[in-house]
Amino acid sequence: MNNITLTIDGKTCDGVQGDTILEVARRNDVYIPTLCFLEGLTPIGSCRMCVVEVEKNPKMLTACTTPAQDGMVVHTQTEKLREFRRQMLELIFAGRNHFCMYCSQSGDCELQDLAIEHGMDSVRYPYLYAGFDNDATHRDIQMDHNRCILCLRCIRVCAEKVGTHTLDLQKRGWNATIVSDLGRRLGESSTCTTCGACAQVCPTGTITLREFAYRGRRKDCDDVVESVCPLCSIGCRIKAYVRTGSIARVEGTSVTEPDGGQLCKKGRWTLPRSAERERISVPMIREGSHYREASWEEALDLVARNFQKAHGADSDGILVSSLCTDEELSLFVSLFKDGLGMERLDTFDGDVLRGFVKGFEPFRRQGVRPFTAAHNILDSDCIVNLSADPDEEAPVIASYMRVGTLRNGASLLNLSCKTSPFADITDVDAVTATPAQSVALVEGLAELVADLKASGSEAQEEGKISVGELAGKTGIPEETVERIINKLAGSQRPVFVLGGCLSRDPGAVTSAVNLAIASRAIFEDGIGVVPLVVSGNSLGTINTVLAKEPWIGRKKLDFLYVYSTGLVPEDEESLSAISGTKFVVVQCPFWAQPLVNFADVLLPAPAWFERSGHYCTIEGERRRLNVVVPPKGEIRGLASILKDLSAGLGVEPEKPKESPCGNLFASEKPPADARMVSLEEVRN
Amino acid sequence: MTIQTTDVEQRVKAIIEPWKGKKGGLIPILQGVQHEFGYLQEDAMEIISRELRIPTAEVYGVATFYAQFHLKPRGRHIIRICRGTACHVRGSLKILERVKEILKIEENGTTDDLRFTLEPVACLGACGLAPVVMINDVTYGRLTPDGIKPILDKHE
Ligand code: SF4
Ligand code: SF4
Ligand code: SF4
Ligand code: FES
Ligand code: FES
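Those protein sequences? They're chains A and B, same order as listed.
Quick note: the first sequence uses the working numbering, first residue 1, plus one each step.
Quick note: the second sequence uses the working numbering, first residue 1001, plus one each step.
Note that these hints are calculated values from the structure, not bench results.
Possibly wrong hints are sitting among the right ones.
In silico SDA-like cross-links for lysine to any residue, where the CA-CA straight-line distance does not exceed 25 Å [said to hold, decoys possible]:
#, chain 1, residue 1, chain 2, residue 2
1, A, Lys59, A, Arg86
2, B, Lys1020, A, Arg483
3, B, Lys1020, A, Phe422
4, A, Lys171, A, Arg185
5, B, Lys1022, A, Lys555
6, B, Lys1100, B, Asp1153
7, A, Lys555, A, Gln492
8, B, Lys1023, A, Gln492
9, B, Lys1020, A, Ala423
10, B, Lys1022, A, Arg185
11, B, Lys1154, B, Thr1111
12, A, Lys171, B, Gln1041
13, B, Lys1022, A, Arg407
14, A, Lys171, B, Asp1043
15, B, Lys1013, A, Arg86
16, B, Lys1013, A, Ser190
17, A, Lys171, B, Glu1106
18, B, Lys1072, A, Asp429
19, A, Lys171, B, Glu1058
20, B, Lys1072, A, Asn175
21, B, Lys1022, A, Ile425
22, B, Lys1023, A, Asp379
23, B, Lys1022, A, Thr42
24, A, Lys80, A, Leu61
25, B, Lys1013, A, Ser420
26, B, Lys1022, A, Leu61
27, B, Lys1022, A, Leu664
28, A, Lys171, B, Ile1054
29, B, Lys1023, A, Arg172
With the hints as extra help, turn the sequences into a complete structure.
Take a look at the structure:
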């Protein structure tokens, strides 16, 4: 890389060859106004707000698109530039309906800010008074085309980061408007995922999220707190805006992150809406068909007494949400497992996780990490969907897959018992009749691809499966099997997205990793497998509460302590086990139906926005959950509650262990050393 | 005339075929499809999007950017009424109004029987003959409002 030096507004600024003038300026703290530019998106140079003058060049240049050159002398704030920018702003204002006092974004608008900054006190051009549509067809997203400045940020984020490319520009010149799909209004779009990314990046009052507009502008908020979204295994970073002690809106952090600063619809809507849900605010004890309020002492005393009885009879269990932080999970472990020697601890998604753990185990023993950070999907040239439904399981993964395919030109293969969730962009859709057949397909492919890569030919070895046999066994046409093999063998860095439903069979997980190794899916941090474990801290449960063997529903218990974050519904199996238990303690922040109906004692808990701690995410990072709003009233943190409970039980909890997921992310050996393993090991 | 879906699919795919795996095919394909069907119907754009793996919104953006593309069926005969300055001065608005009245369509509209499409255009380059109307490839000059009906009647 070549270093270059520029002089911008008299200041010596360092940059590297390939930087734009804007990049050099920003890195050196020189301000240049921008409007269409958004870091992380392809610059288009359309609004002309960032114009600068470069000595010895008669033209005004857009800093966001002009490459910086060594020795350039740049001026950003001359009278000529200011006048030009002001004219541009006036043209924008005259072009559409920018009468700010009628706009929900007034006070929270980049265009308005720039107008104020440039002293634009009047518009010298005739207004066009165009009558564009104010599109209110979408349930959550409002799109007032009369306020659009055609900066195309929305289109770019939707195409480059979300990957649905729902939005584009129709017509041209002053008649151009944002449009979705084949000329639809947003509410009629079949591709929009309601992720809200377009509204997050829109600099004006054009695309707004109605709900957030009601709750107040960003600038009216008292605080902005960074945290993580607990709702799926990715754990996207979020910014939560706080206004009068409540959450006004939630946004992604930065478009420059691999995730593009997007949030999926779960994070965007479930998180802020949860702040308005009905809370369990005091401890409650069941009396017949209703609950009565109780003090913490009384409630915990009742819990302790029932626990002791059941514990003596070895009929007790602890069921904890995997949306808990590492710290919370460790607290449960230190009291119940280490302190009281209990074995029956688990998390709701235990079965899914055990499958992954067992299936990964042989590779762990080899000292390699059998999975890679999720955003590495963006670096792959062949993305394979193994029975996953990413739009449901972890929607930002679906974005990575779409962007990888549509923008980076990767192939997309679907090997599953369901048709590809990405129908229009799938190269090979291999759909089997049964789940077992799709596992067999993966297994067989691993052998075939390994042979092909090893010998460079398809010569069949003794005892090994042939393409024809595999086709017969799986019901996938021979020709399709061939195509898959060729795609995998021909790609540099395939990646395999593993659906949670597969993991109930550890052999399926092992086969998937085998196939990844066979196709040389090797990334710096691990093997090219992205496991869609269930929630924010599913990985964190592995070294803490996750049971070795399943016990939920296996035996009728006398006592069950259930800790739920109330954010995702509990599964049927766990609910029926809970309802069949004699004495149930439910600790939950929200009045979460139907779970709360089964409780004999209800304990309040801090909600996601009132807690702090760490999550182990499938992005391969330990991310921090922060307190956004401090808990009010009788709501206490888990540590203090468990402390009282252990005092009541007369036990001293063992000190919580450090970082439960440290060893999960570690890789002692380079992933390239990984060897395929025999399935016998995991299937017995 | 209704077009069978499978038929559309085959014909569109045939137009796409030579462009598969190549860049820069979208506009020629759209032209080809329009030539084949007279306009760009939604199904056709969906097929193009799927086959070329270009998002529907992008296809639509391109199709609406260029004036040469039409998203609605067009009539068998295209009436272009000049609205340039010279023609305007010599009464082209009255002719336009008369045509709208006779055919019961608006500017850029098409009659229900797909007989005519009416398109006001800027100067046709025949100002000496103003006011000028073009029907398909034939230019009619020095027209009066009353003179237009017999000309229309000649087109089936
Ligand atoms: S979009 Fe911005 S500039 Fe336009 S009316 Fe709204 S607040 Fe004013
Ligand atoms: S909500 Fe998301 S998917 Fe829908 S148009 Fe906006 S960015 Fe695209
Ligand atoms: S809707 Fe917003 S982001 Fe999109 S082009 Fe218009 S002003 Fe820009
Ligand atoms: S910010 Fe550079 S042209 Fe818009
Ligand atoms: S103005 Fe009508 S032909 Fe020129």
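Here is what the structure says about each hint:
1. Lys59(A) with Arg86(A): The hint holds at about 17 Å.
2. Lys1020(B) with Arg483(A): OK: Lys1020(B) and Arg483(A) at ~18 Å, within 25 Å.
3. Lys1020(B) with Phe422(A): The hint holds at about 20 Å.
4. Lys171(A) with Arg185(A): This hinted pair holds, its Cα atoms lying about 15 Å apart.
5. Lys1022(B) with Lys555(A): With a Cα-Cα distance of about 63 Å, the restraint between Lys1022(B) and Lys555(A) is violated, given a limit of 25 Å.
6. Lys1100(B) with Asp1153(B): Within the cut-off at roughly 14 Å; holds.
7. Lys555(A) with Gln492(A): Given that 25 Å is the threshold and the Cα spacing comes to 49 Å, the pair is violated.
8. Lys1023(B) with Gln492(A): holds (23 Å)
9. Lys1020(B) with Ala423(A): holds (19 Å)
10. Lys1022(B) with Arg185(A): violated (31 Å)
11. Lys1154(B) with Thr1111(B): holds (16 Å)
12. Lys171(A) with Gln1041(B): Given pair Lys171(A), Gln1041(B) holds - Cα atoms ~17 Å apart, limit 25 Å.
13. Lys1022(B) with Arg407(A): holds (15 Å)
14. Lys171(A) with Asp1043(B): Holds. Lys171(A) to Asp1043(B) sits at ~20 Å (cutoff 25 Å).
15. Lys1013(B) with Arg86(A): Roughly 50 Å separates the two Cα atoms, so the pair is violated.
16. Lys1013(B) with Ser190(A): holds (23 Å)
17. Lys171(A) with Glu1106(B): Holds, at about 20 Å.
18. Lys1072(B) with Asp429(A): violated (34 Å)
19. Lys171(A) with Glu1058(B): holds (12 Å)
20. Lys1072(B) with Asn175(A): Holds, at roughly 19 Å.
21. Lys1022(B) with Ile425(A): holds (17 Å)
22. Lys1023(B) with Asp379(A): The hint holds at about 22 Å.
23. Lys1022(B) with Thr42(A): holds (23 Å)
24. Lys80(A) with Leu61(A): holds (13 Å)
25. Lys1013(B) with Ser420(A): holds (22 Å)
26. Lys1022(B) with Leu61(A): violated (34 Å)
27. Lys1022(B) with Leu664(A): Violated. Lys1022(B) to Leu664(A) sits at ~44 Å, over the 25 Å cutoff.
28. Lys171(A) with Ile1054(B): holds (18 Å)
29. Lys1023(B) with Arg172(A): Holds. Lys1023(B) to Arg172(A) sits at ~23 Å (cutoff 25 Å).
Taken one by one, the earlier hints fail for this structure at numbers 5, 7, 10, 15, 18, 26, 27, listed in ascending order.
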